[in-house]
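Going down the list, the sequences are from chains A and B. Under the numbering used here, the first sequence has 133 at position 133, and the numbering climbs by one with no breaks. If you count the second sequence from 1, you need to add 1000 to reach the numbering used here.
You may find that some hints are simply not true.
[Claimed, not checked] Straight-line distance between alpha carbons at most 20 Å, and here's what the computed DMTMM-like set of lysine to aspartate or glutamate pairs gives: (1) A:Lys112 - B:Glu1104; (2) A:Lys88 - B:Asp1034; (3) A:Lys88 - B:Glu1061; (4) B:Lys1027 - A:Glu135; (5) B:Lys1121 - A:Asp74; (6) A:Lys140 - A:Glu25; (7) B:Lys1027 - A:Glu89; (8) A:Lys143 - A:Glu50; (9) B:Lys1111 - A:Glu123; (10) A:Lys112 - A:Asp73; (11) A:Lys138 - B:Glu1080; (12) B:Lys1129 - A:Asp65; (13) A:Lys88 - B:Asp1040; (14) B:Lys1077 - A:Asp73; (15) B:Lys1105 - B:Asp1040; (16) B:Lys1111 - A:Asp65; (17) A:Lys117 - A:Glu68; (18) A:Lys117 - A:Asp137; (19) B:Lys1121 - B:Asp1034; (20) B:Lys1027 - A:Glu136; (21) B:Lys1111 - A:Asp52; (22) B:Lys1129 - B:Glu1037; (23) B:Lys1129 - A:Asp137; (24) B:Lys1111 - A:Asp137; (25) B:Lys1105 - B:Glu1061; (26) B:Lys1121 - A:Glu50; (27) A:Lys112 - A:Glu50; (28) A:Lys112 - A:Glu85; (29) B:Lys1111 - A:Asp63; (30) B:Lys1121 - B:Glu1080; (31) A:Lys141 - A:Glu50; (32) A:Lys117 - A:Glu135; (33) B:Lys1077 - A:Glu89; (34) B:Lys1111 - A:Glu85; (35) A:Lys140 - A:Glu97; (36) B:Lys1129 - B:Asp1090; (37) A:Lys117 - A:Glu50; (38) B:Lys1077 - A:Glu68; (39) B:Lys1111 - B:Asp1090.
Hints listed in this document are in silico derivations from the structure and should not be mistaken for laboratory results.
Now for the letters of each chain:
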Amino acid sequence: MFWPAFREMRRIGNPWLEMERLHREMDRLFSGASLPFAQNFPALNLWTSENDAIVTAELPGIDADGLEISVLDDTLALSGSRTPEELKEGESYHRQERGHGRFTRTITLPFKVNADKVEAVYERGILRITLPRAEEDKPKKIKVKSE
Amino acid sequence: MAVTSKEIQEYPGTSQAVETEATRNRKIYLPRVDIFETSDAIVLIADMPGVDENSVTITLERNVLTLTGSPAIEHLKGYEIALAEYDVGDYQRSFSLSDEIDGEKIDAVVKNGVLRLTLPKAEPAKARKINVKAA
């Protein structure tokens, strides 16, 4: 085929992803010493199949109980916070690069979701949300009869 | 950012490119770190999402402290990626320590993808209070 397989391209490296990463990095550099989370934090990856979607986010060092996940139709909202380390008197930072504060992120999914069956797992600093596609939203297969 | 002490400095040469190459062709990211100093130790906190106690390595060689993490890359079978805002790769970052760190007593803990290293200061380096006498 003339077009290179997109999957192959992904493996080589997505240039947009790289741009996005650079953008974040620049934001970080110019945002000063103490860093509240950027608007687009956390970065999300979205995987889809016929029956469900999986959203993953890198959220190291978050209290899982403080994470709020809500789903309405095809919208997923995610919020939480990370508290900075509290220093005692006489202690001082040499470097402070890690972000902290509250974050909220909302994304639109490619289909409606069955909100009752959404599952979320937080492990090793990675949040993974499994969102099953709503029954009524699933495509109906139409059989073609031959006469 | 005010650097109040020179006890920990980033090892030159590692912030741009890694000097030695890994055999695996994976991207290498610099983990973000917080470093602060207490009266008897230096504490280093690094964000390394996806890493657990088995996939993080810490080496100290001639005063160069190197953190390496290799999170497992997930391949979700039967799924297509629809939105990709972040990529997964290895983490690597090196710092040069002063002689005042007691390399034998470094303590490392990983929890929720955050590595916390406590680097105790060697005995003579601990702060001593000096009394000033009035003449």
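>> Please verify whether Lys1111 of chain B and Glu123 of chain A have alpha carbons no more than 20 Å apart.
In response: holds, 9 Å
> Regarding the pair Lys112 of chain A and Glu50 of chain A, is the alpha-carbon distance no greater than 20 Å?
Replying inline: Holds: Lys112 of chain A and Glu50 of chain A sit about 12 Å apart, inside 20 Å.
> Holds or violated: are the alpha carbons of Lys1027 of chain B and Glu89 of chain A at most 20 Å from each other?
Replying inline: violated, 39 Å
> Are Lys1111 of chain B and Glu85 of chain A close enough, with their CA atoms no more than 20 Å apart?
Replying inline: Within the cut-off at roughly 15 Å; holds.
>> Just to be careful, I want the Cα atoms of Lys1105 of chain B and Asp1040 of chain B compared with a cutoff of 20 Å; is the pair within it?
In response: holds, 12 Å
>> Need the status of pair Lys1129 of chain B, Asp65 of chain A: alpha-carbon distance at most 20 Å?
In response: violated, 44 Å
> Are Lys117 of chain A and Glu135 of chain A close enough, with their CA atoms no more than 20 Å apart?
Replying inline: Holds. Lys117 of chain A to Glu135 of chain A sits at ~11 Å (cutoff 20 Å).
> Holds or violated: are the alpha carbons of Lys117 of chain A and Glu50 of chain A at most 20 Å from each other?
Replying inline: holds, 16 Å
> Are the Cα atoms of Lys1077 of chain B and Glu68 of chain A separated by 20 Å or less?
Replying inline: violated, 28 Å
> Keeping to a limit of 20 Å between CA atoms, is the pair of Lys141 of chain A and Glu50 of chain A held or broken?
Replying inline: Measuring from Cα to Cα gives roughly 12 Å; hence the hint holds.
> Does the structure keep Lys88 of chain A and Asp1034 of chain B at a Cα separation of 20 Å or less?
Replying inline: holds, 15 Å
> Does Lys138 of chain A pair with Glu1080 of chain B here, judged by a C-alpha cut-off of 20 Å?
Replying inline: holds, 17 Å
In summary, the numbered hints that this structure violates are 1, 3, 4, 5, 6, 7, 12, 14, 20, 21, 23, 24, 26, 28, 30, 33, 35, 36 and 38.
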